[in-house]
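Below are the chains, spelled out letter by letter.
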Amino acid sequence: MINERKVRLGDLKKGEKGSIVEVGNIYSSQELIKRLLQMGLLEGARVEVMHEAPFGGDPMAVKVRGSLIALRRSEADLIEVLVYE
Amino acid sequence: MSKLEPNILRVALVGNPNCGKTALFNALTGGRAKVGNYPGVTVERKEGSLVTLSGLKISILDLPGTYSLDVKTPDELITRDIVLGNQIDEKIPDILLAVVDATHLERSLGLVFELLTLGRPVLLVLNMMDLAKKNGLDLNFSILAHELGISVVPTVATRKEGMAELILKIENLSLQKNVSLPFSTSWKKPGLDEIRKRFSDVDRLLDLSTRHLTYSVAWTDRIDQVVLHPFWGTFLLLVVLVFIFQSIFTWAQIPMDLIKSGIIFFSNVVAIFIGEGPLKSLIVDGVIAGVGSVVIFLPQILLLFLFLLILEDSGYMSRAAFLMDRLMGKVGLNGRAVIPLLSSFACAVPGVMATRTIENRRDRFTTILIAPLMTCSARLPVYSLLIAAFIPNKVVFGPLRLQGLVMFSLYLAGIVSALCVAIILKSTILKGKKPILLMELPSYKWPSLRNICIGLIEKSQLFLKRAGTVILTVSVLLWFLASYPKAPAHSTVPPISYSYAGQIGKIIEPWIRPIGFNWKIGVALIPGFAAREVMIGSLATVYAVEDREHGVAELLGSKLAKDWSTATALSLLVWYVLACQCFSTLAVTRRETHSFRWPAFMLLYMTGLAYMGSYLTYHLSVKMGLG
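These protein sequence lines map, in sequence, to chains H and G.
Quick note, the first sequence lines up with residues 585 to 669 if you use the working numbering.
Quick note, the second sequence lines up with residues 619 to 1245 if you use the working numbering.
Just so you know, not all the hints are guaranteed correct.
[Claimed, not checked] Computed cross-link-like contacts, BS3-like style, restricted to lysine-lysine with a CA-CA straight-line distance of at most 27 angstroms:
| # | chain 1 | residue 1 | chain 2 | residue 2 |
| --- | --- | --- | --- | --- |
| 1 | G | Lys1052 | G | Lys807 |
| 2 | G | Lys807 | H | Lys597 |
| 3 | H | Lys647 | G | Lys815 |
| 4 | G | Lys752 | H | Lys647 |
| 5 | G | Lys690 | G | Lys709 |
| 6 | H | Lys601 | G | Lys1177 |
| 7 | G | Lys815 | H | Lys590 |
| 8 | H | Lys598 | G | Lys1052 |
| 9 | H | Lys647 | G | Lys1063 |
| 10 | H | Lys647 | G | Lys751 |
| 11 | G | Lys1177 | G | Lys1241 |
| 12 | H | Lys597 | G | Lys948 |
| 13 | G | Lys690 | H | Lys647 |
| 14 | H | Lys647 | G | Lys1052 |
| 15 | G | Lys948 | H | Lys598 |
| 16 | H | Lys598 | G | Lys1063 |
[As the list claims (entries may be wrong)] Ranges of calculated distance between the beta carbons of each label pair, as one might list FRET restraints:
| # | chain 1 | residue 1 | chain 2 | residue 2 | range |
| --- | --- | --- | --- | --- | --- |
| 17 | G | Glu779 | H | Arg589 | 45 to 53 angstroms |
| 18 | H | Arg589 | G | Ala836 | 25 to 33 angstroms |
| 19 | G | Pro1132 | H | Asn609 | 56 to 64 angstroms |
| 20 | G | Asn790 | H | Arg630 | 33 to 41 angstroms |
No lab work stands behind these hints: they were computed from the structure.
All figures in this text were calculated on a predicted structure; none of them were measured in a lab.
Where a beta carbon is used, it is the ideal one built from N, C-alpha and C, also for glycine.
With the hints as constraints, model all of the structure from the sequences given.
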């Protein structure tokens, strides 16, 4: 597919959306992955970047499973997203 | 306490943050709650009760909001321990009310599935049904109830809708099942795949029971286009902060003046009825003056909490934290530290209490430790007195005058030193992993007047109780130290110099001489430790200024101007910016950190900082010819 690309959630800009492919990698702590999952950031869920904070766009707020979740880009980088354009 | 009575049905409210648990608690209990603390932690314990039409007594326990039972923060751990029956002094609840926000079913039902694995009697409360319906939620309650195997009650807690049905279902459940299981329930930390499975169960359940599932509230998204806008959102936050700051100073003034004249009137009346003597002195100068100096701040504190409750209830607070996260991150703190620090401009006591919303313990303690460096309103009278007496009111530039500029620099000095201390603490003793920001930005809601009133009453009771007991003890103690032993008859020097306080002042004089203070300042600093502004009254006593009713500041000011050098006054001002002269702050820090170590550390580091600051100020000023 040409119009799809895999990126880290932390690399997305306001208005971009996609679906989560993978949460966490072998280096990330289980606790952190758990917290991300508990907030609804799960594989298969659709995410959209709704807001970027002032002074550099970090943290960001994403819409996932009907809720608006704020997180820093360093944590968002643990989430791999398939972006539709 | 009801937990010891066997014939009471114990019901606990469990749910996500912002699901309307507190509103449901108020709707069920009429807002009459016993508020206290769980042993060993500073988490608030809130319990209320009700009696059903059939005479069943029910106690309702409001548990801290949580997304899961697999948690870390002290609040959430309390919820888990109580639900599992592991909390000391707390019996396992007979029934769990799983409260979910019906507008966020996709996320909130996860916790319900987790609760169901415990095998405890659970009732599902679908709160905020009015909003959910407005959004077009089409939910089949009987399918939901059948699939989950538990009863489901739709409610609108803010309007008390669904309460009768809920109480009825609680009664039915208590009859159906053997609810007096005496032992704790077992629970295992879920693995990553169990969490994933739980959410796919939620999705399957919602597929079966809903025909139309909406994605949050459309107007929340529209409001957020402005509120979270990088430029306009920041601008709006600034306006909100300035407005709160301003109104705490201006609006609170009228009730504060009323309380002040009430206290003066009261002490005059008391003075008439009690004959001259030590008892009168104890009650008027000790108890009324001491406790009164704290009660005066109640309007400011109530106003501050009113704003805090509105911001929290409406859903704006977490947005403010989102906007400020980057800036606060620069000094190693979390965006949530903004509100407590701002509150500390009124008074550090509510500021320290407001740190409870900060998840990370190290972040929270850092915020508590720097909160008293923000210039609180009790410093203001002292600043005004000293600036008026020592700083010439000459024009610096345009409308800027030197006096105003000095006042502004004192505020600025407090902020800058607070931020510097935060950086130092976060890179040394409170060093930790980079804090995580992971929070929900809840949908906007109109704050409920009823809940805000109940919240304000709770807060003021707690404030008066906590501060009152401490201040009362200290006031009586200080009165004693300043009054005894009595001066011999026909003495020409002020009687205070004979007292224990006077003797202490003489003892500490060699210590404070290097920073330009004389023994009289030393004496005044001792009662000033209980409440900063008390120092003015103490100085007035020491300098034997007779006038009590009016013009104290002017009279005292001119006396001070003759007795002190400008260098001494500047040194004292810097001392006031940095020193931890507030017993209430230390007491509340002790409560919130649940340790004597942190208030002791606060006292030590702030006194050290103040001593260095005053020393430098004094000697630099003397060098500049102000000695």
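Right, here's what the structure says about each hint:
1. G:Lys1052 with G:Lys807: holds, 24 angstroms
2. G:Lys807 with H:Lys597: violated, 35 angstroms
3. H:Lys647 with G:Lys815: Answer holds: H:Lys647 to G:Lys815 is near 21 angstroms, not above 27 angstroms.
4. G:Lys752 with H:Lys647: holds, 20 angstroms
5. G:Lys690 with G:Lys709: At roughly 22 angstroms apart (the allowed maximum being 27 angstroms), G:Lys709 and G:Lys690 satisfy the hint.
6. H:Lys601 with G:Lys1177: violated, 71 angstroms
7. G:Lys815 with H:Lys590: Status holds; Cα separation ~24 angstroms.
8. H:Lys598 with G:Lys1052: Distance ~25 angstroms between H:Lys598 and G:Lys1052 Cα, so the pair holds.
9. H:Lys647 with G:Lys1063: holds, 18 angstroms
10. H:Lys647 with G:Lys751: Holds. H:Lys647 to G:Lys751 sits at ~21 angstroms (cutoff 27 angstroms).
11. G:Lys1177 with G:Lys1241: holds, 24 angstroms
12. H:Lys597 with G:Lys948: Holds. H:Lys597 to G:Lys948 sits at ~22 angstroms (cutoff 27 angstroms).
13. G:Lys690 with H:Lys647: holds, 25 angstroms
14. H:Lys647 with G:Lys1052: holds, 24 angstroms
15. G:Lys948 with H:Lys598: Judged against 27 angstroms, a Cα distance of about 23 angstroms means the pair holds.
16. H:Lys598 with G:Lys1063: The hint holds at about 25 angstroms.
17. G:Glu779 with H:Arg589: 45 to 53 angstroms: Holds: the Cβ-Cβ distance is about 48 angstroms, inside 45 to 53 angstroms.
18. H:Arg589 with G:Ala836: 25 to 33 angstroms: holds, 30 angstroms
19. G:Pro1132 with H:Asn609: 56 to 64 angstroms: For G:Pro1132 and H:Asn609 the Cβ distance comes to about 58 angstroms; the hint holds.
20. G:Asn790 with H:Arg630: 33 to 41 angstroms: holds, 40 angstroms
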